[in-house]
Amino acid sequence: MNVWQFMLQNHTEMLELTLEHLWLAGISTLLASLIGIPLGILISRLPALSRPVLGTASVIQTIPSLALFGFLLPAPWIGQRADRLAILALTLYALLPLIRNTYTGIRGVDRAIVEAGRGMGMTDRELLWQVELPLALEVIIAGVRVAAVLSVGLATIAAAIGAGGLGEYIFRGLAMVNNSVILAGAIPAAALALLADGALGWLQKRLAPR
Amino acid sequence: MAISCKLNKKQEFSDGKLFQPGDGSAARILKMSDADGKTPVIEFRDVGLCLANGNELIHRLSLEIRAGETLVLLGRSGSGKTTTLKLINRLLTPTAGELRVHGRSTREWDVIRLRRAMGYVIQEVGLFPHFTVARNISVVPHLEHWPAGKIGQRVGELLQLVGLDPQLASRYPRELSGGQRQRVGVARALAADPPILLMDEPFGALDPITRAELQREFQQLQSRLGKTIVFVTHDLREALLLATRIALMDAGQLATILTPQEFRNSPQPLVRAYMQAFDPESIAATKRGNL
Numbered sequence: 001m002n003v004w005q006f007m008l009q010n011h012t013e014m015l016e017l018t019l020e021h022l023w024l025a026g027i028s029t030l031l032a033s034l035i036g037i038p039l040g041i042l043i044s045r046l047p048a049l050s051r052p053v054l055g056t057a058s059v060i061q062t063i064p065s066l067a068l069f070g071f072l073l074p075a076p077w078i079g080q081r082a083d084r085l086a087i088l089a090l091t092l093y094a095l096l097p098l099i100r101n102t103y104t105g106i107r108g109v110d111r112a113i114v115e116a117g118r119g120m121g122m123t124d125r126e127l128l129w130q131v132e133l134p135l136a137l138e139v140i141i142a143g144v145r146v147a148a149v150l151s152v153g154l155a156t157i158a159a160a161i162g163a164g165g166l167g168e169y170i171f172r173g174l175a176m177v178n179n180s181v182i183l184a185g186a187i188p189a190a191a192l193a194l195l196a197d198g199a200l201g202w203l204q205k206r207l208a209p210r
Numbered sequence: 211m212a213i214s215c216k217l218n219k220k221q222e223f224s225d226g227k228l229f230q231p232g233d234g235s236a237a238r239i240l241k242m243s244d245a246d247g248k249t250p251v252i253e254f255r256d257v258g259l260c261l262a263n264g265n266e267l268i269h270r271l272s273l274e275i276r277a278g279e280t281l282v283l284l285g286r287s288g289s290g291k292t293t294t295l296k297l298i299n300r301l302l303t304p305t306a307g308e309l310r311v312h313g314r315s316t317r318e319w320d321v322i323r324l325r326r327a328m329g330y331v332i333q334e335v336g337l338f339p340h341f342t343v344a345r346n347i348s349v350v351p352h353l354e355h356w357p358a359g360k361i362g363q364r365v366g367e368l369l370q371l372v373g374l375d376p377q378l379a380s381r382y383p384r385e386l387s388g389g390q391r392q393r394v395g396v397a398r399a400l401a402a403d404p405p406i407l408l409m410d411e412p413f414g415a416l417d418p419i420t421r422a423e424l425q426r427e428f429q430q431l432q433s434r435l436g437k438t439i440v441f442v443t444h445d446l447r448e449a450l451l452l453a454t455r456i457a458l459m460d461a462g463q464l465a466t467i468l469t470p471q472e473f474r475n476s477p478q479p480l481v482r483a484y485m486q487a488f489d490p491e492s493i494a495a496t497k498r499g500n501l
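Chains as they are written, first to last, in the numbering used here: chain A, 1 to 210; chain B, 211 to 501.
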């Protein structure tokens, strides 16, 4: 049985797994954005914090994903359900590109423009909302894009702890030594990653400062 | 900490008078300004600025800027002109002495109020690239929460004042020429009608013809509006054209302060050096010498 036949036969299950996959990756990208972007803004204001915060996010990034699932397993509410565990792990992985791009984006705004705003009597908050964030937006969206693609890719591993998603097929195929089953997970996962990249790329262009 | 900063204290004068060490003419001008009884709008009293690393950027600067005059800060790169300007709107805070604006120390001012009470013009890079011309001009009115109708009306007035086509209001800065951008910069500084304008080499990045045009218009504008202006430049010709008085800065200190007329005839070596560097005849003579 080739890949296409397998996909056709199991299309209901495949759709379910794809939606599950999208949910895992989407919710963790959203959570990581809600945490990472404010954190990036914070360290652009308090440069003393930038090293420890970016350092911690980088260290998290180096932990192998399977090991991270293991570490998080004993956590009280989180460890009870596999999808919670997977979302937490994916969120932690997605933090680095978000924090770093927000920080770099804000720091990268032309100093002369920032100084002009300050010299005209903008408060720190006005400067942030009216000048720095709009001008850094493209770089921040680029960070969301990296985080989203990363999450879609990593979410396949979540199947290892029973959180579902297209990783199910990949692990099942590995166990059955059946390439068709592996590909039935891998091809849609890759397509999802490309789709997320394309959609956010389009958004990035739309929101680019003129 | 700083060696150069410690030196200052030894030079402290016991009588506390405003006095420029080693410079008779500056002291004379200052006395004259006392005599005519005008209260200065901006007043530097022995202002010093030391960085944390001990570098001294400004040394014992005493200077009075009077209502309605255009004071040009002239000097070579690194002489402290821009630093002096940034002390006035407290982008930098003096580490010694006192700086008064409208009779009040800049330390006592609410810094946001202080800055909104002055227009600030920098080289064309200072326009917000993501704002239209109209939004750029109305930055301060927006910060002050003016009603929309009043803002729209003011933008129209200002575009006319600086000689820009009202149709440009909806354009973005990158769609304008350098001269147009600089006009927008001036309009933006004038938006909330502040009594003081701080201008940091506003025409520096323009081609000579556009620059001459803007300088001429600026002169007319100034005679109409009567703002108190502090103008930074390294261009002597610009200084002689626009200044009521020229404050010549050198290595973080005020070297001398003269009217353009006095400046042309001054025997002081530093002033002579400046006049010679910009004198077309001496430039021509140097070229002949090289041949």
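By construction, these hints were calculated from the structure, which means they are not laboratory data.
One should not assume that every hint holds.
[Said to hold, decoys possible] So the derived label-pair ranges between C-beta atoms look like this: (1) B/P470 to A/G55: 34 to 44 Å; (2) A/W4 to B/R384: 43 to 53 Å; (3) B/K360 to A/G201: 38 to 48 Å; (4) B/Q486 to A/G108: 18 to 28 Å; (5) A/A48 to B/K360: 51 to 61 Å; (6) A/I35 to B/T249: 50 to 60 Å; (7) B/T249 to A/D124: 48 to 58 Å; (8) B/R384 to A/R81: 46 to 56 Å; (9) A/A48 to B/T249: 37 to 47 Å.
[Stated by the list, open to error] If you want a taste of the chain B side facing chain A, the calculated C-beta under 8 Å gives, among others: (10) W319; (11) V350; (12) L371; (13) S387.
Glycine is no exception: its CB is placed at the ideal position from the N, C-alpha and C atoms.
Open item on the list: Is 46 to 56 Å respected by the C-beta to C-beta distance linking B/R384 and A/R81?
Closed with: Since the Cβ atoms of B/R384 and A/R81 sit about 52 Å apart, the hinted range of 46 to 56 Å holds.
TODO: Kindly confirm whether 38 to 48 Å is satisfied by the beta carbon distance between B/K360 and A/G201.
DONE: 41 Å, holds
- [ ] Given the hint of 43 to 53 Å, check if A/W4 and B/R384 actually sit that far apart at their C-beta atoms.
- [x] 50 Å, holds
TODO: Starting from the range 34 to 44 Å, see whether the pair B/P470 and A/G55 falls in it by beta-carbon distance.
DONE: Violated: the Cβ-Cβ distance is about 58 Å, outside 34 to 44 Å.
- [ ] Evaluate the given range 48 to 58 Å for the C-beta pair formed by B/T249 and A/D124.
- [x] 33 Å, violated
Task: Outcome for the supplied range 18 to 28 Å, where the beta carbon pair is B/Q486 and A/G108 - done: 43 Å, violated
TODO: Mind checking the CB of B/W319 against every CB in chain A and telling me if the closest is under 8 Å?
DONE: 11 Å, violated
Task: Distance restraint hint 50 to 60 Å, applied to the beta-carbon atoms of A/I35 and B/T249 - done: With Cβ atoms ~55 Å apart, the hint holds.
TODO: Under 8 Å, Cβ to Cβ, is where B/S387 needs to be relative to chain A, so tell me if that hint holds or is violated.
DONE: 17 Å, violated
TODO: Take a look at whether the Cβ-Cβ distance between A/A48 and B/T249 falls inside 37 to 47 Å.
DONE: 44 Å, holds
- [ ] Please verify that hint: B/V350, Cβ, nearest Cβ of chain A, below 8 Å or not.
- [x] Where the cut-off is 8 Å and the nearest Cβ of chain A is about 6 Å from B/V350, the hint holds.
Open item on the list: So, as I understand it, the hint says B/L371 touches chain A; can you test that by seeing if any CB pair is closer than 8 Å?
Closed with: 18 Å, violated
The structure fails hints 1, 4, 5, 7, 10, 12 and 13 (numbered hints given earlier, in ascending order).
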